[in-house]
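Construct the complete structure from the given sequences, taking the supplied hints into account.
First to last, the protein sequences are chains V, U and A. Just so you know, we're using the working numbering here: the first sequence kicks off at 1 and counts up by one. Just so you know, we're using the working numbering here: the second sequence kicks off at 1 and counts up by one. Just so you know, we're using the working numbering here: the third sequence kicks off at 1 and counts up by one.
Source of the hints: derived by calculation from the structure; they are not laboratory data.
Straight-line alpha carbon distances no greater than 27 angstroms define the calculated DSS-like cross-link-like pairs of lysine-lysine that follow:
no., chain 1, residue 1, chain 2, residue 2
1, A, K8, U, K81
2, U, K8, A, K8
3, V, K108, V, K182
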Amino acid sequence: MVRISKNEKIFLVCVLVIEVLLSFFIKMDMSTIAEPRAKLLTIFGWQIPFNGINIATVLNTWVIMGFLVWVAFVVSRRFTPIPSRLQSLIEMYVQGFDTLCREVLGDKRGRQYMPLVSTLFVFVVLSNWIGVIPSFWRVFKGLPHWMVIEEPTRDLNTTLGLGIMCFVIAHVSGIYFKGFGKYVAEFFEPMIEIGNMRIPNLFMGILNIVGEFGKTISHSFRLFGNILGGSIIIIVISNLTKYIGLPVFLNSFFGLFVGAIQAFVFAMLALVYISLMVNE
Amino acid sequence: MEGAEIIKAAAVLGAGICMGFGAIGPGIGEGFAAGKACEGVAREPENVNLITRTMLIGQAVSESTGIYSLVIALLMLFVIK
Amino acid sequence: MVDESWMKTASLLGAALSMGIGAVGPAYGLGYASSKACEGVMRQPYERNRITKIMLIGQAVTESPAIFSLLISILLLFGSIDNPSIVGMMALVGSGLCMGAGALGPGVGAGFANAAACEGVARMPEYETLILRTMLIGQAVSQSTSIYALVIAFLLKIV
Chain V
1 MVRISKNEKI FLVCVLVIEV LLSFFIKMDM STIAEPRAKL LTIFGWQIPF
51 NGINIATVLN TWVIMGFLVW VAFVVSRRFT PIPSRLQSLI EMYVQGFDTL
101 CREVLGDKRG RQYMPLVSTL FVFVVLSNWI GVIPSFWRVF KGLPHWMVIE
151 EPTRDLNTTL GLGIMCFVIA HVSGIYFKGF GKYVAEFFEP MIEIGNMRIP
201 NLFMGILNIV GEFGKTISHS FRLFGNILGG SIIIIVISNL TKYIGLPVFL
251 NSFFGLFVGA IQAFVFAMLA LVYISLMVNE
Chain U
1 MEGAEIIKAA AVLGAGICMG FGAIGPGIGE GFAAGKACEG VAREPENVNL
51 ITRTMLIGQA VSESTGIYSL VIALLMLFVI K
Chain A
1 MVDESWMKTA SLLGAALSMG IGAVGPAYGL GYASSKACEG VMRQPYERNR
51 ITKIMLIGQA VTESPAIFSL LISILLLFGS IDNPSIVGMM ALVGSGLCMG
101 AGALGPGVGA GFANAAACEG VARMPEYETL ILRTMLIGQA VSQSTSIYAL
151 VIAFLLKIV
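What follows is the structure, encoded as structure tokens:
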């Protein structure tokens with residue numbers, strides 16, 4: 001049984017009360033949830049390619065990046081032999097990912113790829129969790145549409161960018177560690193053997209190349225679909241129950257729990273894709 | 001109503017059916033592979049990397065039918081005018 | 001012949017197909033996983049916390065095809081309708097059918113993986129993290145076909 005301290009009880013009651021009070025002011029229009037967000041189409045008269053920039057996504061991403069840089073700065077300036085709470089949290093986190101990467105990639109290369117994988121995880125998990133914070137200033141009407149806290153990962157651009165980054169890193173390190181010839185030859189496995197000749201299997205080659213792009217698509221759409229679906233479920237069910245009580249539990253399941261698991265899956269898949277390319 | 005429009009409509013519906021029903025088999029099959037890999041890890045935990053790699057290769061092969069449906073669905077969507 | 005009301009009918013039909021068919025597979029997978037978890041708890045009552053934990057984590061991944069179905073279903077219900085045509089009608093129905101049927105298989109498959117992981121933890125509780133890792137990777141890869149279905153459904157809804 002989980003023990004709840006007195007402070008935590010007070011905190012939970014406060015959250016519930018604030019939630020119920022806010023529920024009288026915030027009314028989400030159900031018909032707008034499927035519409036695209038506000039977009040910045042031009043800067044100083046210059047047309048932005050690819051249908052503009054999603055301002056809310058960019059601002060939320062910057063908030064998360066700034067927070068991460070700030071935490072890293074604060075912790076790394078004050079290392080103490082007896083760790084503070086924050087420092088021990090970060091030490092646990094780094095150690096966990098260090099063991100994980102070294103188990104999958106081996107001691108030397110695991111250390112090389114650990115910063116990438118752990119940063120991916122912490123960025124994605126904060127991106128998934130930021131949607132739990134209610135944008136309470138929406139009670140004032142007439143604010144611009146982009147002043148809202150929402151998950152950057154519910155925008156396809158963020159997740160597809162991360163997915164393409166992992167794709168490029170995995171393939172470049174594959175070429176770097178194996179050499180170009182062996183890297184290309186691996187796509188055409190298993191070879192057809194006639195006598196002593198080994199002919200590349202063209203059919204498997206096409207299949208493998210399409211499969212590589214499929215990996216990237218599924219890697220990024222998995223995160224996107226889960227987070228967008230979760231946030232839409234929260235909005236719809238909260239609206240049906242008139243925002244009383246239930247949104248707390250919905251947010252803790254779809255925001256915190258599913259968000260953490262999907263972030264871990266995202267980082268693990270990046271690690272596994274790199275290990276498939278790097279290992280012999 | 002024109003014939004070309006009906007052909008396009010059929011292609012669009014066909015793309016949906018193709019990808020939808022093509023996803024059933026690979027999903028179940030890859031799930032079997034993942035389940036057996038979990039059993040294998042529970043039985044011989046020291047071979048976890050070998051088991052994971054075998055599972056991934058097997059899943060990549062069994063996903064090929066899913067990729068066929070994806071390719072056909074994309075062809076129906078974008079090639080048929 | 002085709003006007004706004006026909007488009008609305010098609011999108012309602014698509015939404016119903018998407019969520020209705022799409023709920024079958026994940027529900028079967030979730031139930032199968034929890035039945036295996038019950039067996040594991042019956043065999044090893046002292047490990048019930050670990051078994052419950054791995055069951056819940058696996059189920060959160062198992063139900064993501066159902067979440068995709070719900071996403072497409074709600075997009076079809078509340079999405080805007082433009083230029084009525086027979087192609088657009090068929091695209092809406094096809095989008096729902098694609099996501100609905102596409103969620104069936106991956107839901108069942110991910111449930112199998114989750115069930116096997118629960119059995120494994122009941123047998124060897126000390127290797128929980130390794131089993132969890134293998135289960136998550138396997139489930140994630142087995143869901144990729146449902147994600148292809150999601151992509152096609154999005155394309156059909158938008159294009």
